[in-house]
Amino acid sequence: MSKINMQLKELTENVGKSYSVLQVDYPTPNQAALDFQPGDVHAVLAYLKGQGFRQMSLLSCVDWIEDGQFQLVYLLFNWEAGLRLQVRTRIDRANPVFTTVTGIYPGAKYYERDVHEFFGVEFNGNPDSSKPLFLENWDDMPPMRKDFDPQAYSDRKYKAREYKTDFNTKAGEGQ
Amino acid sequence: MKEVKLFLGPQHPGMHGNSSIHMYVDGDIIKRSYLLPGMLHRGFEKSMERRTWMNNIALIPRICVPEPDPNEMVFALNAEALASVEVPERAHWIRMLVLELARLSAHLMAFGGIGGPTGLYTAMYWAQADRDSILTLFEEITGQRVYHMYITIGGVRKDLPKGIEKKILAFVDDLESRLPDYENLVLNNPSVQARTKDQIMLPAEVVWELGVTGIGMRSSTGKAYDLRKVTPYARYDKVEFDVPTATYSDAHTRLTLKYLEMYQIIRIIRQILDLMPAGKVREKALDGSALRWQVPAGQVYSAVEASRGEYGYYTVSTGGTMPYRVAVRGASFPQATLGIEKYLPGHRIDDAALWFDTMGICSPEIDR
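First to last, the protein sequences are chains A and B. Okay, so the first sequence: first residue is 1 according to the working numbering, each after it adds one. Okay, so the second sequence: first residue is 1 according to the working numbering, each after it adds one.
Here chain B stands alone, though its shape is the one from the complex (with noise of 0.2 Å):
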């Protein structure tokens, strides 16, 4: 049969975000595919040049719209670690609070997101509607829905609102007592498993041919490869949590570990509120105006681990009012561009989304 040339995405209730993946079949077996990017290439690595550091707080959290807050924090973690800031004790767990919240409401959203290519769109109502929590307490804390511009150079920009533990709490009890239902509804769905079961490979060799990390890398090689346990910032070393690992990735197993992560999440979360210290929130970075701040010289690159895998920031400073150069690398880029290429062929076109979904991709990360 002669081959044909498809577009699967960017409009497609499947795909995630602003990207598509061009695709030659042949019935409905993909024979090649590559991904096309760029629909959301905002030159933020440039604009980041042209901002002071102070500034950029505001525009990094854009990079990645379902979970802004690992931008803000690596790219806090580098200045500090260029300046050698201290930051307070109280920031450290604020932090990681905001991390692991930001965390939870990517995980629900990406969970709640197989609904698309699968058919289950109640899924994706009930994760949705869950993640609008977690946006309320965010926009408590901080003021913010979405984009939180809270974690700043020096700690948080702000404490936590008298309170609000009781409410996140109550919301993480609430959630916890209805993750069940989660797991009924999707994994143990017959026809999510249909399409997940033994579907959707990803060997441990590629993973570490393509350089994937997060929940791709831990599904298929049976390692807890989580940097908050590898190389723990704040205090990620003061807190118990286990990493659900798995030694056969298929795209169930991606998603069960998705699923269990999330009562790490609320495991973390429980002690960060028992544990969390009093005191300032803030240290005064460096001397003089924010807006006039100069960071000393040097290069360094710092890491988190997002819902999705090693996200950091690789800083350049020459003294001056500006970074001199910020590159980013989005954590799934990897899977998203080398990935869709060599192992995305030979799978059914009607995959492809589930593919991209399980795979833990976002394209504005991948486009920046």
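Isolated chain A, as found in the complex (with noise of 0.2 Å):
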């Protein structure tokens, strides 16, 4: 793999300097993986915005089920120095609440909306965060998480079909 960016690594260490980064990872050499206390999250978004990144091109969740923990990752993309950072945190798979960071990037309500569709996080101050979205009478718990089996869902909702015609003709019979 090639050099990770200089850029970047001056950035992260910067990041380090106002906040307490428990984890730092370089998957790519223009992208980094910060870790945070949800409690830290916020002000480390406004402060990357200012740094540039004013882009968040995703919001997404991974239910760490064995951890009891679901992790909410924050994509920034800064469309000058072509830098992208993924800002982490790991919040109670039991008692699923965050902030919403509307305030810093208002595009984050839809995907905000999706993850608590998806994983039931609720996003306190999102006014719209636990309206239906995609999923239409949705009466189990929500999909994504780990725990929640498709096929299970599918034998309990829907009837097993019960085919009474034979579709294989017999030779010579046809229509």
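I should point out that these hints are in silico values taken from the structure, not numbers from a laboratory. Ideal Cβ placement from N, Cα and C applies to all residues, glycine included. Take the hints with a grain of salt, since some may be wrong.
Sample of chain A residues lacking proximity to chain B, with all beta carbon distances greater than 12 Å (derived) [stated by the list, open to error]:
1. 21
2. 28
3. 39
4. 66
5. 92
Chain B stretches covered by chain A per the calculated footprint, using a threshold of three residues with CB under 8 Å from any CB of chain A [claimed, not checked]:
6. 59–71
7. 143–155
8. 173–181
9. 189–196
Using the hints, build the complex out of the two chains.
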């Protein structure tokens, strides 16, 4: 792998001076992954937005069921420098509540709705966060959680189809 | 006057794909509007967690119908970053060729697609016919017309067929000679101009607020915000091309940029065919059978410039034979969701389809 972007390294060091970074990782030369305590995320995002990371490309969630945690991942991009950041934090899986970041990145509004619908994370301060978006009349646990079993859901929800007609016509019978 | 509730789509000649806009109108002015997505929600992200890395290649192109190749590309880029796989030189060039052909076909579809909401069906027929020629090229290269399953972890599935270069060159020469006809038919057409000039504005502040990328972003900021230039992947740093930009983004500007980009795509394709080296096209990515590949643990995001903007996957691996989690960033998610809620109101009903079209919205990548 080629060398890690110097500007990115400098930036992560600067972030480390003001905020407590739990862990730093460089998955690609132009990308850094930074882990924070949940309480630091908003301040870090506001700081990074001022540092040229004007775009939030994606907010996503990972279900670490064995650790009993949800990991929220904010993917930021700096169009001037071509640098990408993963700002990550872990919240309790049993009580998945977080505060909205729409005050910093307004575009997060629908990503938060998406994460709420598929993982069940509540975003305080996002007025629409608990409204349904993609799934109509959903009546089970949020489906992207690791303990959701689509096969069991399907078996419970839909009756197994019984085929009464034999569609394999015998030779010579035809229509 | 009383507010009336109206649905635009999914069955509407101007709607692109299976989604619907829920509008509250007063007269013919939209007062409030929301996107109703989910009609194409097929649980891709969940399905990907339950398939091996290799099997996923057959699944993911289906996320975006008009332009499936960026899916394969970002999925492969992520797995290669996690497993530290070096892709052979020739494979980079073939990937670029496939991605550019896909971009050209998607641009044709969207540029001609303006015929739907404006009633200019000729444009649609022309563009679909030309797109079909590209699909024929794809069929020769990959064996498939629409979903190619061609770019794979470690390179591409197989080498280009003999003599395809000539056919591609003949096609782009032919298309380039006819692009001025498209300009006359669509861009210079008074009825299209009346509907698009100074209509459906996209100011730079809105671009930053929503996170719009692609042509929408370049048409209002005036900067070459193109991932092929900003963070070059494959071998985009070895080819020369311009990124058309503008600082006044009405629907006509965005259409014009799409039109100008088609020239640049043709320029890139010619350079690729000229510069492409010979050699291997696929590195044996990981040990053992492809169905038992284990990708090292890690979390990485990769994005490419699709025809509609930044298209990316966030992949999480725990070292297993299947991805632990894959999140899809559809290029048009921001403008289709928050954009419709905040910026469609105030427009007229008949502009809603045009709004949807020129913002470059593709429903399947929003629903996933």
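Hint check:
1. 21: holds, 16 Å
2. 28: Per Cβ check, residue 28 of chain A is inside 12 Å of chain B; nearest 5 Å; violated.
3. 39: holds, 22 Å
4. 66: violated, 10 Å
5. 92: holds, 18 Å
6. 59–71: Three-residue rule not met by the segment 59–71 of chain B, so violated; n is 0.
7. 143–155: It is violated: at least three residues are needed, and the segment 143–155 of chain B offers just 0 whose Cβ sits closer than 8 Å to chain A.
8. 173–181: Our answer is that it is violated, as 0 residues pass the Cβ test (under 8 Å) against chain A, missing three.
9. 189–196: violated (count 0)
This entry does not satisfy hints 2, 4, 6, 7, 8, 9, going by the numbered hints stated previously.
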